[in-house]
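Engineer: Generate coordinates for the entire structure from the input sequences, incorporating the hints supplied.
Order-wise, the sequence lines are chains A and B.
Numbering of the first sequence is given in my numbering, commencing with residue 29 and proceeding in unit increments.
Numbering of the second sequence is given in my numbering, commencing with residue 34 and proceeding in unit increments.
FYI, nobody ran anything at the bench for these hints, they're computed from the structure.
None of these values were measured; they are calculated from a predicted model.
The reader is advised that the hints may include incorrect statements.
So the derived label-pair ranges between C-beta atoms look like this [stated by the list, open to error]: (1) K156(B) <-> L111(A): 38 to 44 Å; (2) A48(B) <-> P87(A): 33 to 39 Å; (3) E160(B) <-> L127(A): 46 to 52 Å.
Chain B is faced by these chain A residues, among others (derived, beta-carbon under 10 Å) [said to hold, decoys possible]: (4) F36; (5) I39; (6) A41; (7) A57; (8) L61; (9) F78; (10) A94; (11) A106; (12) A114; (13) R117.
Note that beta-carbon positions come from the ideal geometry of N, C-alpha and C, so glycine has one too.
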Amino acid sequence: MTPTLQLFLIISAALFSIGLLAALSRRHAIFILIGIEMMLAAANLNFIAFWRFSPQSQPPTGVMIAIFSIAIAAAEAAIGLALVIAVYRHYRTTNVDHLNQLKG
Amino acid sequence: MSSAAVVIIAILTLAAALAAATLQKLMHATLSFAVALVGVAALFFLLGAEFVGLVLVFVYIGAVAVLIVFTILLTRRDVGKDRAANWGGAFLAVAVFGGLTWAILKTQSVAVVAPHIRLVTVKRIGEALMTSYVWPLQCVGLLLTAALIGALVLVMEEKP
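Structural biologist: See below:
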């Protein structure tokens, strides 16, 4: 039996929810970034699944969008981790509960 | 592409992702995150997007996971335990999953099987990148350059 599009969409929804759980419930800034990366991976999975299950297009649009999305996710991770290091230098902590003032 | 393979890979992926979201130690969570991304790449392979799967492995496991590990080591003093998940976040995540699943199961137009499509080769992707997607490609190059310079500026030591 071959899988339907529904199966992939449900997998993607589960991955998105787990990413949301990590981003919302963790207090450590790096964990929040990991959660955001997981949500982006779920979005990529959706792009690829919709591309595979729709009539063929020329050029392969879903694949292209997934590649660009991965590149943007990499840029986001680099900036996010640089921010974590900058915040750690200033406050000596990466717990987001303690970052509650704008004025250093 | 068989359902059994997809379900097995999905279970492994989601278990690793759940471990990444709930494990107490940062380093263990990062390694689980890498395993989850390998699972997503395997799903891409099953869906016939081999190139994207390879790019995912190279970029995420080769670059992003290593970057996260380096950041953990650089902020080591703080690497203690993270407290367990709070209930508000868990409830919201379950609610989002329930809502999305309800919507997916209710929509009849997504209950389709895959049509037969021509293999998407790296040659076709390269041609598309150099013809109809050349402007997005240049913009992504500019964005990556700006992002990496920005990251350098952010972590540069302040002059005494």
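Engineer: Would you mind marking each hint as holding or not holding in the structure?
Structural biologist: Going through the hints against the structure:
Look at K156(B) against L111(A): about 39 Å separates their beta carbons, and that is inside 38 to 44 Å. Taking the beta carbon of each, A48(B) and P87(A) are about 36 Å apart, inside 33 to 39 Å as hinted. At roughly 47 Å, the beta carbons of E160(B) and L127(A) sit within the given window of 46 to 52 Å. Interface restraint check: F36(A) against chain B, minimum CB-CB distance 7 Å, threshold 10 Å, status holds.
The beta carbon of I39(A) comes within 5 Å of a beta carbon in chain B, closer than 10 Å, and the hint placing it at the interface holds. Annotation: interface hint on A41(A) holds; nearest CB of chain B at approximately 4 Å, less than 10 Å. Given hint, A57(A) at the interface with chain B, holds; its Cβ is 9 Å from that chain's nearest Cβ, closer than 10 Å. A hinted interface residue such as L61(A) counts as satisfied when its beta carbon comes closer than 10 Å to some beta carbon of chain B; here the least separation is about 7 Å, so the hint holds.
Of the supplied interface hints, the one on F78(A) holds, with its beta-carbon coming within about 9 Å of a beta-carbon of chain B, less than 10 Å. Of the supplied interface hints, the one on A94(A) holds, with its beta-carbon coming within about 5 Å of a beta-carbon of chain B, less than 10 Å. Below 10 Å, beta-carbon pairs count as interface contacts, and A106(A) has one with chain B at about 5 Å; its hint therefore holds. Of the supplied interface hints, the one on A114(A) holds, with its beta-carbon coming within about 5 Å of a beta-carbon of chain B, less than 10 Å.
Of the supplied interface hints, the one on R117(A) holds, with its beta-carbon coming within about 8 Å of a beta-carbon of chain B, less than 10 Å.
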